[in-house]
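Using the hints, position chain A against chain D.
Chain by chain, the residues run as shown.
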Amino acid sequence: MAQLSREDLLKLANLARLDLSEAEISEFAAEISEILSYVEKLSSVDTGDLTPTNQVSGLINVSREDEVLDYGYEPLDLLKNVPEVEDNQLRVKRMIG
Amino acid sequence: MSIWDDIATIADGVNQSRTSALSNVEKSLKLIKANQDYSAIISILEEPAIERAHKIDELVKTKKNAGRLAGVPFIAKDNFLVFGPDTTAASNILKGFNAPYQATAIEKLESEGAICVAKANLDAFAHGASTENSDFFVTKNPQDNTRVPGGSSGGSAAAVALEMAPFALGTDTGGSIRQPASFSGCIGYKPSYGLVSRSGVIAMASSTDVIGPLTNSVKDAALVLDIIAGKDPLDSTTIERQADYFDLGKDSTTKKVGLINEYMGDGLDEEVKACIESSIDKLKANGYEIVDISIPDIELALATYYIICPAEISSNLARYDGQRFGYSYDQAETIDDSYKKSRGLGFGKEAKRRIIIGTYVLSSGYYDAYYKQAQIVRTKLINEFNDAFSKVDFLIGPVAPTSAFKIGENTANPLKMYLCDIMTVAANMVGIPAISIPANKGKGLPIGLQLMANSKKDKELLSLASSVEAVLS
Numbered sequence: 224m225a226q227l228s229r230e231d232l233l234k235l236a237n238l239a240r241l242d243l244s245e246a247e248i249s250e251f252a253a254e255i256s257e258i259l260s261y262v263e264k265l266s267s268v269d270t271g272d273l274t275p276t277n278q279v280s281g282l283i284n285v286s287r288e289d290e291v292l293d294y295g296y297e298p299l300d301l302l303k304n305v306p307e308v309e310d311n312q313l314r315v316k317r318m319i320g
Numbered sequence: 002m003s004i005w006d007d008i009a010t011i012a013d014g015v016n017q018s019r020t021s022a023l024s025n026v027e028k029s030l031k032l033i034k035a036n037q038d039y040s041a042i043i044s045i046l047e048e049p050a051i052e053r054a055h056k057i058d059e060l061v062k063t064k065k066n067a068g069r070l071a072g073v074p075f076i077a078k079d080n081f082l083v084f085g086p087d088t089t090a091a092s093n094i095l096k097g098f099n100a101p102y103q104a105t106a107i108e109k110l111e112s113e114g115a116i117c118v119a120k121a122n123l124d125a126f127a128h129g130a131s132t133e134n135s136d137f138f139v140t141k142n143p144q145d146n147t148r149v150p151g152g153s154s155g156g157s158a159a160a161v162a163l164e165m166a167p168f169a170l171g172t173d174t175g176g177s178i179r180q181p182a183s184f185s186g187c188i189g190y191k192p193s194y195g196l197v198s199r200s201g202v203i204a205m206a207s208s209t210d211v212i213g214p215l216t217n218s219v220k221d222a223a224l225v226l227d228i229i230a231g232k233d234p235l236d237s238t239t240i241e242r243q244a245d246y247f248d249l250g251k252d253s254t255t256k257k258v259g260l261i262n263e264y265m266g267d268g269l270d271e272e273v274k275a276c277i278e279s280s281i282d283k284l285k286a287n288g289y290e291i292v293d294i295s296i297p298d299i300e301l302a303l304a305t306y307y308i309i310c311p312a313e314i315s316s317n318l319a320r321y322d323g324q325r326f327g328y329s330y331d332q333a334e335t336i337d338d339s340y341k342k343s344r345g346l347g348f349g350k351e352a353k354r355r356i357i358i359g360t361y362v363l364s365s366g367y368y369d370a371y372y373k374q375a376q377i378v379r380t381k382l383i384n385e386f387n388d389a390f391s392k393v394d395f396l397i398g399p400v401a402p403t404s405a406f407k408i409g410e411n412t413a414n415p416l417k418m419y420l421c422d423i424m425t426v427a428a429n430m431v432g433i434p435a436i437s438i439p440a441n442k443g444k445g446l447p448i449g450l451q452l453m454a455n456s457k458k459d460k461e462l463l464s465l466a467s468s469v470e471a472v473l474s
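So the sequence lines, in the order shown, correspond to chains D and A. Under our numbering, residues 224 to 320 are what the first sequence spells out, in order. Under our numbering, residues 2 to 474 are what the second sequence spells out, in order.
Hints are supplied without guarantee of correctness; some may be wrong.
[Unchecked claim] Which stretches of chain A does chain D cover? Using the computed rule of at least three CB atoms under 8 Å from a CB of chain D, they are:
no. : segment
1   : 93–107
2   : 161–169
3   : 294–308
4   : 321–333
Hints were generated in silico from the structure; no laboratory data involved. Glycine is no exception: its CB is placed at the ideal position from the N, C-alpha and C atoms.
Excised from the complex, chain D in its bound form:
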């Protein structure tokens, strides 16, 4: 049975770039372990030589012409929700240490 430790949770939270509070860490350790134990029932299912299903639309290789389509939007309309914009570009915080 999967039992997530505090270290496991911190590692997962870092992979997901998600700060968790101390309260959330202890709550999730118990709850998520319980949920994982439930879904682990799949490990004992006999699946023979079945292959995985990725999607159920029945569509294969949907493509279109590689051309620019005009939907009538100005760049600034589409950037209106961005916290910081400079010269029609997103401005982000410092990336290197």
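Frame of chain D; chain A shown alone:
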């Protein structure tokens, strides 16, 4: 006595100038305000709705026809991008997000003259079965305000059951249209996977997300589907539609319907069981051929779902990073710090829980044991459903193991909340259409009857549902 005529009649009234779009919108806004105590609505589009109503009434004066939904008010779940108020998905991280374009479904409805009057509450990002995971407030059940309306489209279902508008839009990833329809007492339709464009709808789990209507009759659901279904260049997962979903015909009593054995056993509330059994008896008495059928591993759909769904959520919610839209922590010094703080402070507990589960099942060392195994079991489920549909034309059963539960009853135990989806998730994993129909109208807490058909047989399913609805009411 219903407050609204059926949708086609309302539109006809506007087109024939017997009524006006404005009077419909005013009536809807009045009902929305009168029912504020149910907390079904996040935002009201009063000004834009009145403005659109005037335009439609003007159009009717000059052109005589303003579309098949002329002047019909509707409510959209707040994970649909709609111009006007912010689109929040009931999450704090999207507070202040204002749609720069509209969902294709909204564009299609508007092009037929429909008017969006309000945005409905949901579990944040559609994660939940009760609306208790909304970051803002809990919606109350229209029949009993101490109980939940179901979820995640709980605001949409409550709004329709309270007749605030003739229809609402919802999304169904694991049951989020059908289960609240069952709890609140209205029709909830989940189309075949890919039938309705998801462009402009906030993604949850992309391999199962679908869009559908909540209404007070099957006929209305069929009309709305007829308008929103079909291929969309903006959503490459959309499939070919059938020619017509509205003209339903009447031949369904000749079809064979399979009662899913596995849904009628342990874990099904006695009252729900009695209601479903009495509905089956009524249908049999009216000439329907209903046989028992087994889908042996159907119960595994829930475990499969709670691996695949959080995996896809952890990927889809990666875009809420504090850089492009939504909440951004402004004291961060580095981009990494900005990601972690913006997401940590912006997401609610259930979104975080699912992101962590998804990250776990996709991480190196666990991927094969969890995610890949779930995808293989998904194939097994698809095969079992195909086998069932080689023996019967439709499937029938309950929507949920219980009727609406008390507010707060399941919030302390997330796994117990997940179990609410046990009878709805299979249709999502397999991609087939399914509908919830009220089975005990006017008799206590609502209970829904679920009907399913094979993939892309939406018209056949709606046709059956329409005749079943007539027998049950």
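Right, here's what the structure says about each hint:
no.	hint	in the structure
1	93–107	holds (count 5)
2	161–169	violated (count 0)
3	294–308	holds (count 6)
4	321–333	holds (count 9)
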